[in-house]
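K.L.:
Here is what each chain is made of, one letter per residue.
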Amino acid sequence: MFVDQLINGIVLGSIYALMAIGYTMVWNVLRFINFAHGEVYMGGAFVSLYLLLLDTPIWLAYIGGVCAGALLGYLMEKMVYMRMRSAPKLNLLIAAIGISIVLQNLAQYIWGATPERLTSPFLSKNIAIGDMMINQHYIFIIILTIVVMIALELFINRTLMGKAVQAASQNINATQLMGINANKIISITFAIGSAVGALAGILVGPVFLVYPTMGVFAGLKGFTASVMGGMGNIPGAMIAGLLLGIIESFAAGFISSGYRDAVAMVILLFILLVRPQGIFGKVIQQKV
Amino acid sequence: MLNVENVSTYYGQICALDNVSIKVEEKEAVSVIGSNGAGKSTLLKTIIGELRPKNGDIQLSGRSIINEKTFKLVSRGMTLVPEGRHVFPLLSVWDNLLLGGYTIPSRERHQRAEEVTEPFPILRERKDQLAGLLSGGEQQMLAIARAMMTSPRLLLLDEPSMGLSPKLVYEVYEKISDLHLQGTTILLVDQNAEMAIDFCSRGYVLMAGSLVGHGSKSELKESEIVHRSYLG
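The listed protein sequences derive, respectively, from chains A and B. The opening residue of the first sequence carries number 8 in the numbering used here; numbering runs sequentially from there. The opening residue of the second sequence carries number 661 in the numbering used here; numbering runs sequentially from there.
Hints were generated in silico from the structure; no laboratory data involved. Just so we're clear, the structure is a prediction, and the values are computed from it rather than from any experiment. It cannot be assumed that every hint is accurate.
As the list claims (entries may be wrong) - Covered stretches of chain A (chain B as the covering partner; in silico rule of three or more C-beta atoms under 8 Å from a C-beta of chain B):
1) 168 to 178
2) 181 to 189
To be verified - Below, a list of computed lysine to any residue pairs in the SDA-like style, where the Cα atoms sit at most 25 Å apart:
3) B/Lys-787 x A/Asn-180
4) A/Lys-96 x B/Tyr-670
5) A/Lys-191 x B/Glu-710
As the list claims (entries may be wrong) - Just a sample of chain B residues kept apart from chain A, beta carbon distances all over 10 Å, derived:
6) Cys-675
7) Glu-685
8) Glu-710
9) Arg-862
10) Ala-868
For every residue, glycine included, the Cβ atom is placed at its ideal position computed from N, Cα and C.
Chain A on its own, in the form it takes in the complex (with noise of 0.2 Å):
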């Protein structure tokens, strides 16, 4: 049972990393919270499933998901967040959250409410660990959000262009007296958050089904373990991610299922009691 909850947890959790990143990444160069990112995670899903649909082979239509999700969270910024750069953060606020009801009615036109099951190579096969059974799709979501936080980590320690973005967190206006255009960094920082958000929705997919309203409460939970592990701190968002799938399966598991949001947020709660920088924050003195 503990070992169950445990993994079960570890998946939920890796979703949430995942989408925790896309919320801390576009924090960190344009200092908003993109509420539209839910619904990057459900067309990542649809476009997979529409791929799908035509026949494409799987893997391809994994990774037009991801494209897509790319796409749609590059154009979200050049169309709308970068002409509203210097507007009030509330009007950007409303606008990310017009552009989510705007998606979620676009998918339902498109490909109607009804929850469809994505395909995935591994979800009828099981793999034997001792006494348990564990689904293989559950080690597939694991090791990709493994592979992925340790791009990510590379991309932002070990590249310039990952510097260029920090960078851009810091100080973006800096930035521009380097030479680097810090449109382009922010396009890509939507760009590559939005990746990472349409790959947890087609991971999901198989298992909790593609609908147009599925990035409502991925989205919420999400942007709470990005604010749990410290608004802007990509390592921090990703182990929050985590831990706050962790806490749900074990409230789930040895509370009740209609209480797991419940038990998290009031976790969440606390921690922002004791910590209202998140527990990864950091609060840098810095000398002037």
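Starting from the known structure of chain A, fit chain B onto it as the hints suggest.
P.N.:
What follows is chain B alone, placed relative to chain A:
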């Protein structure tokens, strides 16, 4: 090299620069002095493309740069060390320098960082330290070294002495003089009129957004308006 012609810049309805014209020739060191709110930083921000002037023209090596974006001007050989340094506090000293060389070929970046830190041994000692933990003077040196990563032909410096102790101000100015002697053209604005005039070969005086005087170093030193307003 740099020709600012009749430039006026506004913040909304407020005129921050009124019909200002200045010239900087190749290899020159030119200062702009003025009190707080005179429009010195606005002038540099307008030149570097952070602010768009309402009228007038700015030419770099004979070509108008009035509509150029800041990041493109860096590739064209001009950069700014901003007021308050603006180092990236959560990146290491070395990463700050490498980002300064974002536009140069990657194989040259580390070599160039070694070169620009030669006059600043403290930056080499602290290369792995977070830039935000450096002292004010060290941050200023990092900001200057970082700006030199692209070997700019024209270096704009905004208040390099701000917030520094007199000893550090002297040290920073010494480094800027060295850069000038090595061939970098410099346009500097500073509230510290004495240091700024001593450093330059020519200078301008800004007051409430308008130019109220200009002249050579000796002319500025003897100018009544400079004496009365800035040198006491």
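K.L.:
Does each hint hold? Answer for all of them.
P.N.:
Outcome of the hint check:
no.	hint	in the structure
1	168 to 178	holds (count 6)
2	181 to 189	holds (count 9)
3	B/Lys-787 x A/Asn-180	holds, 23 Å
4	A/Lys-96 x B/Tyr-670	holds, 24 Å
5	A/Lys-191 x B/Glu-710	holds, 17 Å
6	Cys-675	holds, 20 Å
7	Glu-685	holds, 23 Å
8	Glu-710	violated, 7 Å
9	Arg-862	holds, 25 Å
10	Ala-868	holds, 25 Å
The earlier numbered hint that this structure contradicts is number 8, and it is the only one.
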